[in-house]
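Letter by letter, the chains look like this.
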Amino acid sequence: MKLQLLSRWGCRLLLGAMAALLAVLGVTSAAADTKLTVYTALEAEELEPLRKAFRAEHPDIDINWVRDSTGIITAKMLAEIDAGNPQADVFLGTSATSLLVVDAKGMLLPYAPKGLDKLDSKFRDARNPPHWVGVDAYAAVVCYNTIESGKSNLPKPSSWQDLLDPVYKGHLVMPNPNSSGTGFLTVSSWIQIMGEDAAWAFMDAIHENMARYTHSGSKPCRLAAAGEHAIGISFVFRGAKLIKKGAPLELVLPKEGIGWEVEASGILKTSKKIEAAKTLIDWHISPAAMKVFNDYLPIIAIPELATPVAHFPENTLEMMIDNDFGWAADNRKRILGEWQKRYDAKSEPKG
Amino acid sequence: MSNVAVSFSAPLRPRLGRDDFFQGGCLIGFSALVCAAIFLPLYAMLAKSFEDSDGNFLGFANYIEYFNTPSLVTSAQHTIIIGVLTTIIVVVLAFIYSYALTRSCMPFKGLFRGIAVIPILAPSLLPAISLVYLFGNQGMIKEVLLGHTIYGPIGIVIALAFWIFPHTVLILTTALSSADARLYEAAVALRTSKTRTFFTVTLPGAKYGVMSACFVAFTYAITDFGAPKVIGGWYNMLSVDIYKQVVGQWNFQMGAVVSVVLLFPVVISFVADRLVQRRQVAQISARSVPLEPKPNRRFDLVMLLYCVVISIILIGILGVAAYASFIKFWPYNLSLTFDNYQFDLMDGGGWKAYRNSIVMAIWTAGLGTLIIFTGAYFIEKSQRFNKFRSILQFIAVVPLAVPGMVLGLAYIFFFNPTKFTVPFTSIELANPFSFLYATMGILVICTIVHYYTVPHLTALTALKQMDREFEAVSASLKVPFYKTFARVTFPVCLPAIFDIAIYLFVNAMTTVSAVVFLWGPQTHLASVAVLNMDDQGDIAPAAAMAMMIVYTSAAVRIAYVFLTRGFQRKTQAWRRREVTTKSIAPSSVTQKTTTA
Numbered sequence: 001m002k003l004q005l006l007s008r009w010g011c012r013l014l015l016g017a018m019a020a021l022l023a024v025l026g027v028t029s030a031a032a033d034t035k036l037t038v039y040t041a042l043e044a045e046e047l048e049p050l051r052k053a054f055r056a057e058h059p060d061i062d063i064n065w066v067r068d069s070t071g072i073i074t075a076k077m078l079a080e081i082d083a084g085n086p087q088a089d090v091f092l093g094t095s096a097t098s099l100l101v102v103d104a105k106g107m108l109l110p111y112a113p114k115g116l117d118k119l120d121s122k123f124r125d126a127r128n129p130p131h132w133v134g135v136d137a138y139a140a141v142v143c144y145n146t147i148e149s150g151k152s153n154l155p156k157p158s159s160w161q162d163l164l165d166p167v168y169k170g171h172l173v174m175p176n177p178n179s180s181g182t183g184f185l186t187v188s189s190w191i192q193i194m195g196e197d198a199a200w201a202f203m204d205a206i207h208e209n210m211a212r213y214t215h216s217g218s219k220p221c222r223l224a225a226a227g228e229h230a231i232g233i234s235f236v237f238r239g240a241k242l243i244k245k246g247a248p249l250e251l252v253l254p255k256e257g258i259g260w261e262v263e264a265s266g267i268l269k270t271s272k273k274i275e276a277a278k279t280l281i282d283w284h285i286s287p288a289a290m291k292v293f294n295d296y297l298p299i300i301a302i303p304e305l306a307t308p309v310a311h312f313p314e315n316t317l318e319m320m321i322d323n324d325f326g327w328a329a330d331n332r333k334r335i336l337g338e339w340q341k342r343y344d345a346k347s348e349p350k351g
Numbered sequence: 001m002s003n004v005a006v007s008f009s010a011p012l013r014p015r016l017g018r019d020d021f022f023q024g025g026c027l028i029g030f031s032a033l034v035c036a037a038i039f040l041p042l043y044a045m046l047a048k049s050f051e052d053s054d055g056n057f058l059g060f061a062n063y064i065e066y067f068n069t070p071s072l073v074t075s076a077q078h079t080i081i082i083g084v085l086t087t088i089i090v091v092v093l094a095f096i097y098s099y100a101l102t103r104s105c106m107p108f109k110g111l112f113r114g115i116a117v118i119p120i121l122a123p124s125l126l127p128a129i130s131l132v133y134l135f136g137n138q139g140m141i142k143e144v145l146l147g148h149t150i151y152g153p154i155g156i157v158i159a160l161a162f163w164i165f166p167h168t169v170l171i172l173t174t175a176l177s178s179a180d181a182r183l184y185e186a187a188v189a190l191r192t193s194k195t196r197t198f199f200t201v202t203l204p205g206a207k208y209g210v211m212s213a214c215f216v217a218f219t220y221a222i223t224d225f226g227a228p229k230v231i232g233g234w235y236n237m238l239s240v241d242i243y244k245q246v247v248g249q250w251n252f253q254m255g256a257v258v259s260v261v262l263l264f265p266v267v268i269s270f271v272a273d274r275l276v277q278r279r280q281v282a283q284i285s286a287r288s289v290p291l292e293p294k295p296n297r298r299f300d301l302v303m304l305l306y307c308v309v310i311s312i313i314l315i316g317i318l319g320v321a322a323y324a325s326f327i328k329f330w331p332y333n334l335s336l337t338f339d340n341y342q343f344d345l346m347d348g349g350g351w352k353a354y355r356n357s358i359v360m361a362i363w364t365a366g367l368g369t370l371i372i373f374t375g376a377y378f379i380e381k382s383q384r385f386n387k388f389r390s391i392l393q394f395i396a397v398v399p400l401a402v403p404g405m406v407l408g409l410a411y412i413f414f415f416n417p418t419k420f421t422v423p424f425t426s427i428e429l430a431n432p433f434s435f436l437y438a439t440m441g442i443l444v445i446c447t448i449v450h451y452y453t454v455p456h457l458t459a460l461t462a463l464k465q466m467d468r469e470f471e472a473v474s475a476s477l478k479v480p481f482y483k484t485f486a487r488v489t490f491p492v493c494l495p496a497i498f499d500i501a502i503y504l505f506v507n508a509m510t511t512v513s514a515v516v517f518l519w520g521p522q523t524h525l526a527s528v529a530v531l532n533m534d535d536q537g538d539i540a541p542a543a544a545m546a547m548m549i550v551y552t553s554a555a556v557r558i559a560y561v562f563l564t565r566g567f568q569r570k571t572q573a574w575r576r577r578e579v580t581t582k583s584i585a586p587s588s589v590t591q592k593t594t595t596a
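Protein chains in written order, with our numbering: chain C, 1 to 351; chain U, 1 to 596.
In short, the hints are calculated from the structure, not lab data.
Part of the chain U face toward chain C, derived, beta carbon under 8 Å: (1) S71; (2) G136; (3) W234; (4) G248; (5) Q249; (6) P331; (7) M346; (8) A438; (9) D535; (10) D538.
Simulated pairs of lysine-lysine, BS3-like, Cα-Cα distance not exceeding 30 Å: (11) U:K352 / C:K241; (12) C:K244 / C:K52; (13) U:K419 / C:K76; (14) U:K419 / C:K273; (15) C:K35 / C:K114; (16) U:K328 / C:K244; (17) C:K245 / U:K352; (18) U:K352 / C:K244; (19) U:K328 / C:K245; (20) U:K352 / C:K52; (21) U:K419 / C:K269; (22) C:K118 / C:K269; (23) C:K278 / U:K352; (24) U:K142 / C:K245; (25) C:K105 / U:K419; (26) U:K352 / C:K273; (27) U:K352 / C:K291; (28) C:K156 / U:K142.
The C-beta atom is built at its ideal place from N, Cα and C for all residues, glycine as well.
Start from the sequences and build out the full structure, keeping to the hints where you can.
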């Protein structure tokens, strides 16, 4: 029957088309020899250049990035460890504090990578062999939108205390420390600079000026860059990048000093691909890798190789506080809980 | 046969034949699948809400903690407020729009029908992103808000109204298109005023449609996650709380508690809808005369103007996102660029996420159509097992009452652990499903289950059009049922099958809530990428990815119309004499969600 024929052809056509599409889409994910699952909090734009540089020297290993904000990726890692089902082989480019938290669960493999002796002592775990090694440092900054601040008559702040001025009410954004590494290092630096009680009083006061807390550390600076809010607490790398793109921003390093973190890496004990993981860790502190990291950040683990990065404030290194990672890791849970109780639980702020 | 002889009063039971065994087997297999895909995960979630993070039973401790946390309780209030507000606004707007489509003689009705479904092609994140560009602190027309902020209830309600509008229009046009002209003639003969006629004839006639539309709008509004996430600001809602608890703090127990809380209003709304619809009686009898709208210049003009305004808003919101995706640096550098489409340099998984979404949508459409249609076939056409079938029939409607986020979270609890503990014992069993964790498979299964009900009802309606005698006759001719299925049932139902496939495809492309907890290292999805990019503050790329989803669903939809147009005309020629209102695919579909 003609009818039936037609319907049959219709189906075959559709099935054929589906199969073809699936085939085409399937082929694109051709298999590499060893695939490492790497959890990271590095910025998204760094990932592909890093992977390419690594693959150029080690074509038999591929990297499968799982990227998220520091707090999220750490929480994910911890949850999977607790469930007895950790997915990652390597934890790379995440704050040293997070590495220490995972290490406290006994999950990091102590390993001395090739070229360890070249690293500045700040960028490695003091133990031998170290449980983690770092590649660079990132620091907090205040992104100040000159155009919008002009419109609303907001003076340029020079210190953290300046930000308590009521003129800034509703113009300030900062990352939520529970999800964002930048948020946490900022809060932790306030406590280290001011002392516990003064720091919480400071945060109570700054909360009154806050327009909102964001999920990621990048977003406050992006919001400032787009003029949605005039001032965002973020990190220097994001600010420098946005200025390069044409954002009307100035980067302010508050005079009390700024929080910072090492971007550190370690190997998961549970990995079934330890050799490949070691190769990656060896490579990522090599001069070739340092060059890639240095494209984004001026402060790297091998100081002799460092070259300046455009739009980074020159005194970033001097302004960085004397950060105690061990203290931060030990107190992380308590600080985050307290912060959440005080500020996240408060629904709409009045006014 | 012997027992028939023994007891005369026993009902005559024909022996079960080969087909019956096969069909029975399929029904049993099918219900086992359903249990594994819906009930066990939901049970896992419920159990989790009574545990601490180490898996110890706590009783109601988590719930007590929840109700003692003021911010979480306010979110419950917020959720209800937003639900009610959105429902009122969207149903009123959609009612007038549908009224214009069905009861006026304005021109371009087909076009307006088409425009009304546009929002279905987009994830709910898209209108929220557009609203930021329109009314944000640097918005194009922020003055319209008179100093109010878009970040909060105003933004959420507008975004949701945009996104829910098509669903309500589809229900209301169906409800309004069937009316008995004799009632109107009587009204005219009795010199009843137009307004009075509207309230005494039109509204009661569309009563069930309006109620369905309300329930659907309310459910969608309180369970959506995309809009409040992007534009909610400080205004917490339950769906965002689940996300924050789970993704932000990895507090699964509290996530489960909030899920259970969210489940309440949804289930109540669902049950209420069922009860109301059960009372529905046929409006149209054999003696009814279909109502044909008569031209009335002034009325038609007003209706036309209204539809034009609404259409401009719908297209405008989409247009803003499309435009924003090409802007170099909002609001300081408005030159155009393709940079925002370089997804590989951003968060969210890059172009691979987009490819994954297409693969996921194809699998969902293919596998989902197969499962749903065969499931509906066995439920409708099996000759025996009536009780069992009616239970299955009920189960197939359950997914409608489970919010996507709740289902997604339940899936984590069910599929992630490597071992299970049997309740009240210390026996541990290996989880046979844990291999699915973070794979494409779990995304496909979850999406099929999440969108199961509507296609299921479409399939049922299509199957019901065919007399059961086809099966009876085939059986008596000793034709195995699968031959009847392949030669008669399947071809006749082909249009419905295509409808189902398209519906699943589009929803798989746009869904965020069901999959936001389930994607893994290899399975980033485009819709989730939109969310992640927005989280990072990469708003323009988020708009770009959202538009890629819209382009793709639109392309598939249009291709489908062209591919099947001529073909439908031929296979469905026998329907020609029927009065049908079938012009846009899911119209038939959505209506049935609520009437079946």
